Amino acid sequence: MAKVTLTIDGRKVEAERGMTVLEAARLAGINIPTLCYLENLNAIGACRVCVVEVKGAKALQASCVLPVAEGMEVWTNSRAVRASRRTTVELLLSDHPTECTTCIRNGTCELQALAESLGIRRVRFEGEKHGGVPDESSPSIVRDNAKCVLCRRCVAVCEKVQSVKAIGPQERGFETAIAPPFELPLADSVCVNCGQCTLVCPTGALHEHDDSELVWAALADPGKHVVVQTAPATRVTVGEMFGMPPGSVVTGKMVAALRRLGFDRVFDTDFTADLTIIEEGYELVHRLQEGGVLPMITSCSPGWIKFIETFFPDMLPNLSTCKSPQQMFGALAKTYYARKVGIDPADIFVVSIMPCTAKKFEARRPEMTDSGYPDIDAVLTTRELGRMLKEAGVVFDALPEEPYDDPLGVSTGAGAIFGATGGVMEAALRTAYEVVTGKTLPALDFQSVRGMEGIKEATVNLDGTELRVVVAHTLGNARKVLEAVRVDPGRYHFIEIMACPGGCIGGGGQPIPTTDEIRKKRIEAIYRVDRDMPLRKSHDNPVIKVLYQEFLGEPNSHKAHELLHTHYQPRYQYAQL
Amino acid sequence: MAQAAALSPALREEASEIIGSYRGQPSGLIQVLSRLQEKLGYLPRDVLKEVADTLGVSLTEVYGVVTFYALFTLKPRGRHTINLCKGTACYVRGAAQLIERLKKDYGLKPGDTTDDGRYTLEVIRCLGACGLGPAIMIDKDVHARVKPEKLGEILSRYE
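Listed in order, the protein sequences are those of chains A and B.
With the first letter of the first sequence counted as 1, position 201 gets the number 201 in this note's numbering; the numbers rise by one all the way through.
Count along the second sequence from 1, add 577, and you get the number used in this note's numbering.
Isolated chain B (complex conformation) (with noise of 0.2 Å):
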């Protein structure tokens, strides 16, 4: 697994504030992840590896709960968001296929991003763009009745 950039020292130094005001407190892990999310990013291994040894919950713990909740990343934001829609009309228009491709082209999963930090993949429910299926969005642009052989032309626009 690739490594993300490190964080800022003066972004880290308030991580362990954040982590340090749980202190001792194992009841207080989801709150302190969802704070570090908010305020980092993401959650990265050495600030998760802080959190279990402040609050005294296992690593292991930490990590269930983190990977259990899609609101908590492991890797910063791609540069480009891509927001692919599974709402009904997309769906049967053939949004799975979408993701199909995005998982073997470029080893994308929903909430992942690729490990060289370019695409982040968000599925979405309804861009309102019911007709125009499938449907994605990346970053502000949207794309309509994008076919599976299409992406890789479509997404190399993005740098």
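Bound conformation, chain A alone (with noise of 0.2 Å):
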């Protein structure tokens, strides 16, 4: 790459031809605050928020959508600039809720703290105001669009990352609105509920649907049984919302917090993982050896399964009949664990703590109920957990670390690494392998199927018979998958999709801001949290050995078809029109 020189501030600065003037600058070291631009997403120029002042230039001009030159001069932040930029917020504010305090983005929106830095005290225009009523048809996501700046962030990832497309524009000049066509309700739009537009929005217009108060309630009923399982990816994130550095494992002192806010039970959706690995495991095996469909592809992230339903669903029948490991949490909890305590299971109040937004549609599918009652009665995400110890006044650093209750908060190192992309592959390898050979697996690590790469291709020798299997994350890189399996069906055997980038760990129902550096580190904390385990093989967790001699019999028998395997629909795209 040819490299230009140019003047920053007064600094020369180095940079490669190509980039923009806001890349240069920030790898120099020097902030330009932004709002619309989302990084390698989202660099339109559009919200003026970035502009610089460029010697010899007519008018200010947005850094982020303007290349480098050799010889350029650059002012980021003289009189002029600081004018334009408090302008331009002060007339975003003018058509913005001042509500802040009430907000669910208190704290973490980027147009308040905009506001804050930019120095602004009073806003001096007044005009028409947006207003509306919020969208709460979906139960994974509200959208306000009042609190809305048109920056499109949400706009790109639907689009650019998941491929999905359920909001963009419509109408135009002051009508312009993000949403969905013939501005539809969420929920009957293709949104998959993955929630990364409500990562990615930097105020409160997408947020994701809070139902801390129906736990609250469950918790202060003393007839509830009130029984909590996390997710994965929960015990690497939920630090940050308490100002811990991303990668943080913070999996004892979240077990204590959840015992603080009153849990008459905390247990682990790791021990269901683990589960999940048996049957799907099994399923895989049985499909391998009897002609069943292939390739095989994993069904834990509900906004994948949503996916699938609405734009392949003629590919149904090559989804693991598995149910989620939250769901098969629920059912267990509902049946086994109640007999086995001896509480009547609709006393049973199950919660779960997950990194996702779709698990909230998840556990409101109608066949979700096999035990005769919902598997789960509540979904909450980690930030709203988060939000709830603040609530309580619990110091989260200052916890102890504490254990999960027996029995169902027993788990290995697979379970764990399900929160990372990759990691159910290579949970569901670590089995297979022992199972299909019978001998035991010389090295647990598969680093094939690690990390960040979109897609990731591996074959795997299972004592001479070679299973390919490939990985995937984000529904963009899924949808490339299925499409190459049209082509070639039998291009694999076993597929992983993770709806969201980096898998769970980059969950839209996590800590905000949640960028790809966020996620590696979360990733390494969560095969650090697989590493430190004392068991790593799904198969060998005691407890689930337990379980299918005292309830399930054996892998994929009918109790465990019953309880822990669905069905999928295909669901036609506005098929209301």
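Accuracy of the hints is not assured; some may be wrong.
Claimed, not checked - A few chain A residues facing chain B, derived, Cβ under 7 Å:
#1 P169
#2 Q170
#3 E171
#4 R172
#5 F182
#6 Y574
#7 L577
Unchecked claim - Only pairs whose alpha carbons sit at most 27 Å apart, straight line, appear in this in silico BS3-like list of lysine-lysine:
#8 B:K686 x A:K129
#9 A:K12 x A:K55
#10 A:K58 x A:K3
#11 B:K626 x A:K480
#12 B:K626 x A:K160
#13 A:K129 x B:K681
#14 B:K616 x B:K686
#15 B:K663 x B:K681
#16 B:K717 x B:K681
#17 B:K663 x A:K129
#18 A:K129 x B:K680
#19 B:K717 x B:K652
Claimed, not checked - Restraint-style ranges between C-beta atoms, simulated for each label pair:
#20 A:G56 x B:P603: 32 to 42 Å
#21 A:G56 x B:G597: 47 to 57 Å
#22 A:R468 x B:P586: 49 to 59 Å
Treat the hints as calculated values from the structure; they're not laboratory data.
Small disclaimer: the values here were computed from a predicted structure and weren't measured.
No residue lacks a Cβ here, since even glycine has one placed at the ideal position from N, Cα and C.
Can you join these two chains into the complex? Each is in its own frame, and there are hints to help.
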């Protein structure tokens, strides 16, 4: 790459040709404020917050779309630049509900932070306001367009990362709104509830549907036995809600915190992640040996499930029939566990702590009631849990490390790595190898399926049988894999798909901010959790063995099918039109 | 939103033919929409869905384009067209208040049609009746010096 030299704020800065002034400035440690800009995804020069003064240019330039040039002279904080940014932000604020103290994004709002950093104390403009009522049709995501600044970051993620295109700019001028076609409610659109839009929204215009009140009510009800499960990815992220650095492993503190909130039992989704491996592993072996539908595709990620139901309904037979670990947990809590402790399942209230907004939708799927009760009663994202702990005054850093309760809190490292892209595949391979070959796996770590690369292919030798596998994360990558399989159905035997970038550690319910750099740190933490576990293979989980002996019989038994497996439904895009 | 009456089967068939000639061509979106608008007089929802599916464009984008350009309409034209002049003279004499009143009483926005299919509102620039402003033309009749409170009575004459 050819280098160019330019001057930014009087400093000589070297940059690669093709870079923008914004990128060059950031590399040189010079901060230019932005709002609509999103690294690698959205550089459209729309909001004008990142303007800079360029010698010889007639007007201020948006640095996010301004290529560097040899000899260019740029000022990022001249009086004219600062005045322009202030005017821009004041105009945005003039059409923004100033309810920061009661907003769900209070403290994590980029518009709020921008107004603060620009020292805006008063808005000089008064004009029409958008107003309107929030769209709460979706169980996962709330759209509050009164708070939308039209930055289009959500549109970029939905289209470029997820290839879903549920929302986009509609109408024009002041009427412009980011919405589904025909301004349909989100629940009637092709939205798959992944919540990536809620991670990139700079304001409170797109956020998780907050279900904490349901949980507070259950905790306060003496007639309810309230149990909680924590998803693999939450133990490496909830600390961020309390200012801990990304990548902090806080498993024991999270368990202690949940006890402080008053949960009767604190259990672990990692336990049913192990169970998923057994059920899914046997399902795969069965399909391989009996000529079943291949490739088989994992079914843990509910955003992915709605995606395939909507965009690839013809490929539903390829999905594993296994419920997700969240749903398996609920089904067992209200049957096996209820019987073991002698509590009427009607009095058991199951809460999930999830990195995911789509889990809220999954929990409400009508078919997820195989025990006669809803598997799951309430789903909280990592963000909602963080807020509840703050409300309860729990001092997170000061908590001791406490263990999970028996029996549904016992797990292995294989369950933990479900939280990162490639983890389900790796966990499945650890078990499949030993089940198929009857030998002990020589090396536990399958490095080829780890990491942030979008599509990871690998071939695994199961004692002479070549198993071709592929791992994809983001729905854009999932689409590519499915299109390849349509052309060449024999290309793979087994596919892992996670809807969110990086897997669940990058889920739509995770702390804000979630960037690729933060995702990498969370992934490292997940593998640290795995490495430090005494047991690292799902089939070694002693409670899983007891569960089969006492209750389920054997993997894929009739009872297992009744409680732990499900079916899928084609969803035709906009069938209502 | 009230759904417009269905197109005749023959017209619907013609629409499908037009759409079919752009199969797999996302870049033909504006072209196909303008041909359909011309042929059908408006763009019904099911036609837009067919456009999205056939061209391989998301319905979100199709709807975004349709609502961006004033040329495209989602409802059939009303039985009567109100051409409201917003030229300089009519504007200073109160055209904006007329638009406001039409929005309040009839839910009519410029370019839009009432749900009962009775009126379509178009905002135009100068009927050449500047001395008579604010002026509106309903179908072929010019109404001069229209006051907001007289609008109801005038419109009621057009069934």
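Subject >> Broken hints, by number >> reply: No numbers; nothing is violated.
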